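Peer 1: Sequence:
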Amino acid sequence: MYSTVHRLLRINTHRVRHLSASCLPEKVKIVEVGPRDGLQNEKTPVPTEVKVQLINKLSETGLPVIETTSFVSPKWVPQMADHVTVMRRINRVPGVIYPVLTPNLLGFQSAVEAGATEVSIFGAASETFSKKNINCTIDESVERFREVCEAAAERKIPVRAYVSCVLGCPYEGAVSPKAVAEVYT
Numbered sequence: 230m231y232s233t234v235h236r237l238l239r240i241n242t243h244r245v246r247h248l249s250a251s252c253l254p255e256k257v258k259i260v261e262v263g264p265r266d267g268l269q270n271e272k273t274p275v276p277t278e279v280k281v282q283l284i285n286k287l288s289e290t291g292l293p294v295i296e297t298t299s300f301v302s303p304k305w306v307p308q309m310a311d312h313v314t315v316m317r318r319i320n321r322v323p324g325v326i327y328p329v330l331t332p333n334l335l336g337f338q339s340a341v342e343a344g345a346t347e348v349s350i351f352g353a354a355s356e357t358f359s360k361k362n363i364n365c366t367i368d369e370s371v372e373r374f375r376e377v378c379e380a381a382a383e384r385k386i387p388v389r390a391y392v393s394c395v396l397g398c399p400y401e402g403a404v405s406p407k408a409v410a411e412v413y414t
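Position 104 (the sequence shown) corresponds to 333 in this note's numbering; numbering is contiguous.
By construction, these hints were calculated from the structure, which means they are not laboratory data. Just so it is clear, the structure is predicted and the values come from calculations on it, not from any experiment. All residues carry an ideal CB built from backbone N, CA and C; glycine is no exception. Any given hint could turn out to be false.
Derived DSSO-like pairs: lysine-lysine, alpha-carbon spacing no greater than 27 angstroms straight-line [said to hold, decoys possible]:
{"no.": "1", "residue 1": "304", "residue 2": "361"}
{"no.": "2", "residue 1": "256", "residue 2": "286"}
{"no.": "3", "residue 1": "258", "residue 2": "286"}
{"no.": "4", "residue 1": "256", "residue 2": "385"}
{"no.": "5", "residue 1": "272", "residue 2": "286"}
{"no.": "6", "residue 1": "407", "residue 2": "258"}
{"no.": "7", "residue 1": "272", "residue 2": "360"}
{"no.": "8", "residue 1": "360", "residue 2": "304"}
{"no.": "9", "residue 1": "258", "residue 2": "385"}
{"no.": "10", "residue 1": "361", "residue 2": "407"}
{"no.": "11", "residue 1": "360", "residue 2": "407"}
{"no.": "12", "residue 1": "272", "residue 2": "304"}
{"no.": "13", "residue 1": "361", "residue 2": "272"}
Derived Cβ-Cβ restraints for the label pairs, each shown as a range [stated by the list, open to error]:
{"no.": "14", "residue 1": "282", "residue 2": "410", "range": "38 to 44 angstroms"}
{"no.": "15", "residue 1": "282", "residue 2": "323", "range": "17 to 23 angstroms"}
{"no.": "16", "residue 1": "324", "residue 2": "407", "range": "35 to 41 angstroms"}
{"no.": "17", "residue 1": "407", "residue 2": "317", "range": "39 to 45 angstroms"}
{"no.": "18", "residue 1": "401", "residue 2": "278", "range": "37 to 43 angstroms"}
{"no.": "19", "residue 1": "365", "residue 2": "289", "range": "36 to 42 angstroms"}
{"no.": "20", "residue 1": "285", "residue 2": "310", "range": "16 to 22 angstroms"}
Produce the entire structure from the sequences given, and follow the hints as far as they go.
Peer 2: Here you go:
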């Protein structure tokens with residue numbers, strides 16, 4: 230019996246075989262999100278120095294982009310409470326980009342003050358996930374991100390956006406492609 234990962238790999242391999250070279254991108258950008266996404270839900274506090282060491286070691290691997298932390302409220306995500314300190318202590322390797330997650334304008338402003346030169350925003354294709362994750366509806370999140378994008382554009386700071394729950398939601402189950410497209414556009 231195949232695991233879910235094996236099934237997904239098999240499906241994706243099948244799809245790739247039937248694509249022409251003209252539909253494939255010339256480049257793929259790999260973004261390492263482990264220091265942020267991999268640590269944010271850990272129950273045991275990870276010391277700031279360990280986070281800094283992790284990011285510094287990842288910087289030596291040749292990764293082009295390492296999402297370092299999240300400028301969220303420590304009340305909601307205590308593991309990211311040291312975001313300013315982490316940003317100030319990492320050794321920035323030339324050629325490596327160190328974006329941070331910013332859920333709103335306040336987070337964006339704090340990130341810029343801490344030295345962020347690129348930011349990430351995120352939405353969800355599921356209302357339930359959006360409400361549980363960022364305490365607002367999808368429409369409200371889009372408005373928040375519009376403010377971040379406008380502020381970033383004024384400062385010429387690149388913004389990367391991503392959508393959660395495109396393959397399904399832990400609360401709602403299946404998510405329609407239409408719901409994903411509505412958030413994406």
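Peer 1: Against the structure shown, which of the earlier numbered hints fail to hold, in ascending order?
Peer 2: Checked against the structure, no hint fails, so every one of them is satisfied.
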